[in-house]
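Add chain B to chain A, keeping to what the hints say.
Chain residues, written in single-letter form:
There are 2 protein chains.
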Amino acid sequence: MLNISVIGNGNVGSKLARSIDNLKDFKLLDWYGRNWINNKIPEKGIDKIKDLKKSDLYILAVSDNSIDKFFDFIPKDSLIVHCSGATSINIFKDYSRSGVLFPLQTISKLNNKLFTKTTFCIEAKNKKDLNLLKKLTLSLGGYNECLNSKQRANLHLSAVWVNNFVNHIIYKGKRICDDNNISFSILKPIIKTTINQILNNDPKEIQTGPARRGDIKTLEKHKELIKDLNDKVLYDTITKSIQNSYE
Amino acid sequence: MLNISVIGNGNVGSKLARSIDNLKDFKLLDWYGRNWINNKIPEKGIDKIKDLKKSDLYILAVSDNSIDKFFDFIPKDSLIVHCSGATSINIFKDYSRSGVLFPLQTISKLNNKLFTKTTFCIEAKNKKDLNLLKKLTLSLGGYNECLNSKQRANLHLSAVWVNNFVNHIIYKGKRICDDNNISFSILKPIIKTTINQILNNDPKEIQTGPARRGDIKTLEKHKELIKDLNDKVLYDTITKSIQNSYE
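If you're matching them up, the sequences are chains A and B in order.
Take 1268 as the starting number for the first sequence in the working numbering and just add one per residue.
Take 1268 as the starting number for the second sequence in the working numbering and just add one per residue.
Some hints could be false.
One copy or two, either will do: identical chains are not told apart, so a pair holds if it fits within one copy or between any two.
Claimed, not checked - Simulated pairs of lysine-lysine, DSSO-like, Cα-Cα distance not exceeding 30 Å:
| hint | residue 1 | residue 2 |
| --- | --- | --- |
| 1 | 1484 | 1336 |
| 2 | 1401 | 1311 |
| 3 | 1484 | 1392 |
| 4 | 1321 | 1401 |
| 5 | 1488 | 1499 |
| 6 | 1291 | 1394 |
| 7 | 1392 | 1455 |
| 8 | 1336 | 1320 |
| 9 | 1317 | 1307 |
| 10 | 1343 | 1402 |
| 11 | 1394 | 1455 |
| 12 | 1401 | 1459 |
| 13 | 1459 | 1507 |
Hints are computed from structural coordinates only; laboratory data are not their basis.
Chain A with its partners taken away, still in its complex shape (with noise of 0.2 Å):
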């Protein structure tokens, strides 16, 4: 059995805690949150950082600007993760056990399942603690990937595409339908297809359009369709990107 402190309440730090609870071979041990709802502290809750008792491993699932500021609260020969994904496991400058646990998920208030089917990317400096993570994520029922902390960052970024991005950019085609009267109903059929073709093939090979057939013609008259100065900047560039990737 070991024993496992979870700093941190928010998304990630609450799914962790309220799954370590549950298994088998490991124990929630602490559960440090600065605040709690309605001051409401849970089970194994505490909200001060000079409570933590010494535990086997730490999780700090706190955003990234804070990660370094637990250190003075947490025993050099303890292993300590962070959550982080665009953070370097050398942040742990005077940790020898140290690593990386990343669960890759859309983060987003919508999302309350466990981490049942996710993925942690993670990394660790010594390979008995890498099989302790191993251990632990597939004891939550997720997935695991060895990555480097550069091929984390990159994942990470690669995750604000696929999803920030992506999500910014149908909001900005919702938004046209919406300002002209048209049900963005209509649409969806056409985003699930595109998302079909797209997890089902290169993307590159199946690009589509005025842009990628070189229709000037539509792009102006998207152009002068487009009001806003900001998503006419914001067409153009996303265009250009297009005709670029296939000169």
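Below, chain B without anything else, positioned relative to chain A:
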């Protein structure tokens, strides 16, 4: 029984001609194509536009720039429609009976299905012809939405965002994985979740990520990771667009 002639043997023209040939209340009279693969002209196919017989309905499934090049060969008292999203009904100046039959679908060489469940955006100068187009789309197994030319042009523009642009953005995300020896398949569950969340919520409400949070540190890290100058511009432009949307 109504005679229909299809002009064009590209993706849309071919699917229309093949579908109409099987209908109960409509009959394919002529199917014009400038060139046929291996010079094999199908039944009812013609390759000389002057061979076009007098028909009840002419469907122009040709490129936007070619639509008006066929007017000399089509009697002014027949019903004539085009299949373009971006072209106004007003192109038919000399036709009192005219309209539009725009199938909303991802036009792609991968898409071999006929028009079952496809939504057609329809428009006509008079109600009787609009009803005829409604009947035709239903016979084809599709749905229809009555949109005017301005709405249809905007819907076409919106489809460029949700299809062409989304495809390109995901291609850029995939490139980051390819360049860093990361399997793109790790991101596929995120892409699926992203789209499910968009289809079932307001995309503006569920936007997440460093741009939305104003997480300058991560934005700076990402810009360091992106080496290609055009990709830096694209990242920057989309990031600013997200920030502008929540000011």
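### Message
Output the indices of the hints that this structure fails to meet, ascending.
### Response
none
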